[in-house]
Amino acid sequence: MPGRTWARFVRNKRNLLGLSLACALSLLALCADFVASRRPIVLWRTGRLYLFANVIDYRDLRTFDATSLAPGDWALWPPCRHGPYDIPRLGSLSGPLPQPPSPDHPLGTDNTGRDTLARLVHGARVSLGVGVVAALVQVVIGLALGVLAGYLRGATDFVVTRAAEVLLSFPLLLLLLAVQGLLERTTVLSTMAVIGLTRWADTARLVRAEALRVRELPYVEASRAFGSSELRTLLRHVLPNCLSPALVAVTFGVGSTILLESALSFLGFGAPEPVASWGLLMADGFQDILDPAALPLVLAPGLAIFITVTAFNLIGDGLREALDPRSQGAVEPSARIISDHSRVMSPAPWPPGGEPTPAAYSVPDVK
Amino acid sequence: MRRFLAARILAALVTGIGITLLAFAVVRAAPGDPLALHSELGLRSGEASLQQIRAYRHSMGLDAPLFAGYVRWLSHLLRGDLGTSFRDGRPVLSLLGEALPVTLLLSITSLLLGYALAIPVGIVSAARPGGWLDRAISTVVFLLYSLPVQWVALVLVVWPAGFPIHGLHSEGTRSFADSIAHLVLPVACLTYGSVAVTSRFLRSSMLEEMGRDYVRTARAKGLGEAAVILRHALPNSSLTLITLFGLSFPALASGAVIVERIFGLPGMGKLTIEAVLGRDVPVLMGAVTVAGVVTMLGTLLSDLLYAVADPRISLTGARD
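As given, the protein sequences belong to chains A and B, one line each in that order. Position 298, counted from 1, in the first sequence is what this note's numbering calls 298; the numbers after and before it change by one each time, with no gaps. Position 31, counted from 1, in the second sequence is what this note's numbering calls 1031; the numbers after and before it change by one each time, with no gaps.
One or more hints might be untrue.
[Stated by the list, open to error] Label pairs and their calculated CB-CB ranges:
no., chain 1, residue 1, chain 2, residue 2, range
1, B, 1231, A, 231, 47 to 55 angstroms
2, B, 1025, A, 69, 52 to 60 angstroms
3, B, 1001, A, 11, 46 to 54 angstroms
4, B, 1133, A, 154, 43 to 51 angstroms
5, B, 1312, A, 290, 53 to 61 angstroms
6, B, 1301, A, 90, 57 to 65 angstroms
7, B, 1064, A, 187, 30 to 38 angstroms
8, B, 1221, A, 230, 37 to 45 angstroms
9, B, 1006, A, 153, 16 to 24 angstroms
10, B, 1066, A, 184, 15 to 23 angstroms
11, A, 185, B, 1075, 28 to 36 angstroms
12, B, 1312, A, 213, 15 to 23 angstroms
13, A, 154, B, 1231, 40 to 48 angstroms
14, B, 1025, A, 230, 27 to 35 angstroms
[To be verified] Stretch-level coverage of chain B by chain A, calculated; a stretch enters the list once three of its residues show a Cβ under 8 angstroms from a Cβ in chain A:
no., stretch
15, 1145-1152
16, 1257-1271
FYI, nobody ran anything at the bench for these hints, they're computed from the structure. What you are looking at is a predicted structure, and each value in this text was computed from that prediction instead of being measured. For each residue, glycine too, the CB sits at the ideal point set by N, CA and C.
Just chain A, same shape as in the assembly (with noise of 0.2 angstroms):
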């Protein structure tokens, strides 16, 4: 069966597209020091070699810079030369901060004379970190919360049906900033876990629903005829069956949570500063947005974030017609079957600000 699932998904190009851009994002993330770094990668000097500089702190590097290289040195220099926490010394300034695109800093600076690439190329680990992370708590904590209310139903259903609605009603990002405001200080930690604790309700109602379905079928009847415990049935009849919806959730939910990030960090209510993400580059470009140079540093972190959460949404909607062969698109649509499911699982995701999610369009059964 995944075999199947696979086959549909690579047949479709745009969603190689949005897998390969991803993969990419992802290896720009983890390989950020490789990228841009005051460090060389590998430098020579006066007879040491060090190795890795550029993520190992060797202490006699610590005041090294590309001045400080001797002939008869050599390094193997990244592709940008600067950090993304490096404020330039005071004499070594040629003009007003921000500085505009130059050879030396191809997208500009921001106002404290912080490379805008560096911080772009680091900022996609803390933007990819916190999607990945806050969606699988999220996802985690809906699938279980759905597969038991839609499973037990009753008191349970209640409880979860409600509390996930509660949830719903919020308006998400006054929720979240009330929530890290009133933290002491807020950490990337604390993000992910804030956007992953308030968000597993869109998961949980998609999650229920595909349980509320799973539980009436046969297998599952046989499984309980076979005098299964109520908990193994759950386990290994119900639980694997509900898989799809997480998973297309996963995907869906890393875009939004990126979308939600930025949206937090921009407010000031994200990542702390100094740290390089996407969200807090745009706010450092808010305050000198009248100032042409610092245009790269407003406009190129929201491209990023458009480019990942577009390569994300890609893969889940392709994830989500592989599974669900029946929803838009994949068959004619005068072929369509019509069911309470694929209803479920077809409206597409949400709108900027990171919120409803197909769960959250689904249209109330009517029967």
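Given chain A, work out where chain B should sit, using these hints.
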């Protein structure tokens, strides 16, 4: 119908209690007691006196155990007493009364505008599914989902479009045209997202209707395609737009927070940010509660409208 109404309103009440409980718990559970921190900062800058804070803590149940405190706070809330701001001593209710209309003006304008734009787009793409126009629209809409609001807003600020980029009206003028001009860019930022969602939603719901028997019957009796779409498929699929209307509110309010920040509009988002920064707990609790309750009322309203528009729904009971 009456049973459905009762069930739906009861569910809304439960949700309402949940919202207030969450708002209360968030402020209560925040580490580093915001009030203790505030008293320190506040005394230094002369914002709130220790006495004022103690009085507030007592009246709002922040010094009582969780549940007793919540009940006390709720009873104040129900009487419309949300306390007074620590910063300027004004009643929270009047602060909210000033901020909420701004956010509602933004969200409702962009909601209506979004529908007005999305319906033709949805019809056009559902009319020839898979055609070049449909594919082009789908691609654009798909890309719109991934655009961060703050980026679009910043681009509009930088773009020399000639529209004012700050505040609700220019200094000294109060003309209607001036206010409209100030709303153009913020509303544009909020609208593109709802156009994307709504048109996509209408498209899939129309495609579903187009596959049904009554559409085949309409075609079979020789009705033109335009009449089939506009007179038969559209009215039936527009039912789902009613549900969408309620569900769009939270997203719009979230978007409004960013838009208000960038365009300097005095709405709920700005109020909340300032309350958080100033650790103005009464305002913060009030803002979070009101935002939740208003959104919940929006959802309730759309559910009730849906039940009125589609009699089938009230037979099967409330949706989950």
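Practice item. Return holds or violated for the Cβ distance of residue 1006 of chain B and residue 153 of chain A against the range 16 to 24 angstroms. Key: holds (21 angstroms)
Practice item. Would you check chain A against the stretch 1145-1152 of chain B, counting CB to CB pairs closer than 8 angstroms, and say if three or more residues qualify? Key: Coverage by chain A holds here, the residue count being 8 at a Cβ distance below 8 angstroms.
Practice item. Determine whether the Cβ-Cβ distance between residue 1025 of chain B and residue 230 of chain A falls within the hinted range of 27 to 35 angstroms. Key: Once the Cβ atoms are compared, 32 angstroms apart, the range 27 to 35 angstroms for residue 230 of chain A and residue 1025 of chain B holds.
Review point. Falls inside 57 to 65 angstroms, the C-beta gap from residue 1301 of chain B to residue 90 of chain A?
Key: The hint (57 to 65 angstroms, Cβ to Cβ) holds, given that residue 1301 of chain B and residue 90 of chain A are roughly 59 angstroms apart.
Review point. Is 15 to 23 angstroms a correct range for the gap between the Cβ atoms of residue 1066 of chain B and residue 184 of chain A?
Key: holds (21 angstroms)
Point to revise | Coverage of the stretch 1257-1271 of chain B by chain A (three or more Cβ within 8 angstroms) | key: holds (count 6)
Practice item. Just tell me: holds or violated, for the beta carbon distance of residue 1064 of chain B and residue 187 of chain A against 30 to 38 angstroms? Key: holds (31 angstroms)
Review point. Between residue 1025 of chain B and residue 69 of chain A, does the beta-carbon spacing fit 52 to 60 angstroms?
Key: Since the Cβ atoms of residue 1025 of chain B and residue 69 of chain A sit about 58 angstroms apart, the hinted range of 52 to 60 angstroms holds.
Check your understanding: Does the Cβ-Cβ separation between residue 154 of chain A and residue 1231 of chain B fall within 40 to 48 angstroms?
Key -> The hint (40 to 48 angstroms, Cβ to Cβ) holds, given that residue 154 of chain A and residue 1231 of chain B are roughly 45 angstroms apart.
Practice item. Note whether the CB distance of residue 1133 of chain B and residue 154 of chain A lies within 43 to 51 angstroms or breaks it. Key: Holds, since residue 1133 of chain B and residue 154 of chain A (Cβ atoms, about 49 angstroms apart) stay within the stated range.
Practice item. With 28 to 36 angstroms as the target window, see if residue 185 of chain A and residue 1075 of chain B comply at their CB atoms. Key: holds (34 angstroms)
Check your understanding: Between residue 1312 of chain B and residue 213 of chain A, does the C-beta distance stay in 15 to 23 angstroms?
Key -> Given range 15 to 23 angstroms: holds, Cβ gap about 20 angstroms.
Of the hints listed earlier, the one the structure fails to meet is number 8.
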